[in-house]
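Student: In case you want the letters, here they are:
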Amino acid sequence: MSDTHAQTVAYVRDTMLDQQDPPLNQTGAVKWIRENLFSGWLNILLTLLSLWVIYAALSHLLPWALRGIWDASNLSQCREIIAELYGPDKPAACWAVLAERWPQLIFGFYPKELYWRPILAFLIFLAAVAPVLFSSVPRKMLWVSALAPFVLFWLIWGGSLWGPIAAILGFVIGWAILTFAAPKIGNLISVILAIVVPVIYWLTLCGPLAGALASVVPLSLQTVPTQNMGGFMLATIIGVSGIVLSLPLGILLALGRQSDMFIINKFSVAFIEIIRGVPLIVWLFTASLLLNYFLPPGTNFDLMLRVIIMVTLFSAAYIAEVVRGGLAALPKGQYEAADALGLDYWKSMRLIILPQALKISIPGIVNTFIGLFKDTTLVVFIGLLDPIGLSNSIRATTDWNGVYWELFVFIGLCFFIFCFSMGRYSLFLEKKLRREHR
Amino acid sequence: MSELATREVDRSQMKVSDEVAIQISKMNKWYGTFHVLRDIDLTVYRGERIVIAGPSGSGKSTMIRCINRLEEHQAGSIMVDGIELSSDLKNIDKIRSEVGMCFQHFNLFPHLTILENCTLAPIWVRKIPKKQAEETAMHFLEKVKIPEQANKYPGQLSGGQQQRVAIARSLCMKPRIMLFDEPTSALDPEMIKEVLDTMVELAEEGMTMLCVTHEMGFARQVANRVIFMDAGQIVEQNEPEEFFNNPQHERTKLFLSQILGH
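Chains as they are written, first to last, in full-length UniProt numbering: chain A, 1 to 438; chain B, 1 to 262.
Each hint should be verified, as a subset may be incorrect.
Far from chain A by the CB rule (all over 10 Å, computed), these chain B residues [said to hold, decoys possible]:
1) R46
2) E135
3) S170
From the structure, some residues in chain B lie toward chain A, with a derived Cβ separation under 7 Å [stated by the list, open to error]:
4) N68
5) I83
6) S86
7) S87
8) K90
9) D93
I should point out that these hints are in silico values taken from the structure, not numbers from a laboratory.
Cβ atoms here follow ideal geometry from the backbone N, Cα and C, with glycine treated the same way.
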């Protein structure tokens, strides 16, 4: 060391060097290709092999898809057109089945003249989720989000508008008890009342009240029964309802599992383990067959509602475990600091613990949501016409008997678009939150 | 041992009154079968600055954490501002909002800005309007000399700055008693001074303080009483001069020779 030091000590730089460009083969695409594709004999071989695999796959798939016929009224006509255009043995897709049947794939057997209702509902749904997903949308839009479920229900199922309005009234009653009565009768009692009173109201007064109001001013839309709904509309209704309802339930279960209170803790653990330990398809059969035995005679719950409840409970159990992971990842000091400032349990959870725990859990939560959304195709087994179910019934007609790939490719692509955008949104949210709380 | 000799400590406002702030009597605590705190008796008068010293594992932190019920005691009683600490949640929340606490690892909320960290409890616990809470917060951030960091996140600040924010966050609740649990133990030497300076200022304004620390310079200059704990008991307590120059108990002598010896 001392030698080098002796040489440098008497050195003073007299001119500063200008910045220079790096050598050409060390930048841009050339460098990337050299480093990533052709960095050695093995890698060159693997690159060529991969190119060949990609070519082999696309050389079969692309001509089949691109030659596809969009205009035909049944499968045999479509095959004739293909034979005429490309010769007898050339593979080509019959996209015509999509062109002819796409309203059915989207809406199921929803009455044609009422298609505007689910379309309008979908637009309202987009407006309602925007403020929830993106914080740049004005906060006042959250009112749309709060009212949307009732309006959407009314638009899709029809019936009297007074039904949803009477249902909203139950929430208003609960809210009023919490805000006005809580200071007088104490927190715990008011929370219990705010749950019990609306439930009693919904079970007893709500129906007659809506009926009475409807008999004065009808305000009603043509009713569409659940059996007529299908396709992506059905998948979206079940998927979105499940997602929206299972997140809060899952969070409550996760908190319950961490609770010191014996009964709440054991109930949460039992619920999570039992729901998670049994396949979803079993729960769906339970919903469609067994539930009728347990319910009091005469009650007839809509099948879709039963399915939504089961899907919600099922994914809530998974969400609970994902959120529990997030809660466990927080240092104990965060809980202590919140306590030391005098925040009560719910405030410290809402303001301190959950925002951080949920941020950690985003990838897992979205993962569960994607799983839930794809699992909605399982309802085909209990007779609901989800996209897969519809593809079966389309094939059951003489016109399209024998069409498999085209329908499955289309359904798969649609699911992929939904799930991929959920995944992208999750990444966007993670990035945004990372920027905010460095 | 770091010195605070940048300036003379102003003792004019440091007055100990007859009013009892904290009264601990015959307090016992066990972790399972391990007896961590044994028959603790301690009376803290308003305006006192008490430094609690002792080897690690002696129960110092546990004791002050019992005062705001971060730890539960199993026998004896603790009265804070005339309110008895029992399992009644209302009393606990009331005491916690009157007693400020600073932790070894600061425990700022990383998802909130510095300003939001300081206004959160006043807004949600004290129900103070947001604007007023922000004014108070800026006042205390100026006091700890980091008002310009108000809109940053805790992760962007140095350790010393974070601890000063933690102090400001506690002060925003206008506490009558401050507890410090080794506030400088996780800091680099040059940051210890800025935190201690803040604590000295607080003492000069007459705050009642209980401080678990190894900063014996701080104890000498600021404390009016030093308590030495070992094996879950208070072994010796005295005025700082007497405590450092003329320790009585063998354990105290050994402890002082170890920490002052080098």
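Student: So, K90 of chain B near chain A? Judge it on the closest CB pair being under 7 Å.
Tutor: Violated, because the Cβ-Cβ distance from K90 of chain B to chain A comes to roughly 10 Å (cut-off 7 Å).
Student: Checking the smallest CB distance to chain A, is S170 of chain B really beyond 10 Å?
Tutor: violated (8 Å)
Student: Mind checking the CB of I83 of chain B against every CB in chain A and telling me if the closest is under 7 Å?
Tutor: With a closest approach of 13 Å, the I83 of chain B hint is violated.
Student: Does the interface hint hold: is N68 of chain B within less than 7 Å of chain A, judged Cβ to Cβ?
Tutor: With Cβ-Cβ at 6 Å, under 7 Å, it holds.
Student: Once the shortest beta carbon distance from D93 of chain B to chain A is found, is it less than 7 Å?
Tutor: holds (5 Å)
Student: Minimum Cβ distance from S87 of chain B to chain A below 7 Å?
Tutor: violated (12 Å)
Student: Is the nearest CB of chain A more than 10 Å from the CB of R46 of chain B?
Tutor: holds (20 Å)
Student: If we take the beta carbon of E135 of chain B, is the closest beta carbon in chain A still more than 10 Å away?
Tutor: holds (19 Å)
Student: For the hint on S86 of chain B, just tell me whether its beta-carbon gets within less than 7 Å of chain A.
Tutor: violated (16 Å)
Of the numbered hints given earlier, the model fails hints 3, 5, 6, 7, 8; all others are met.
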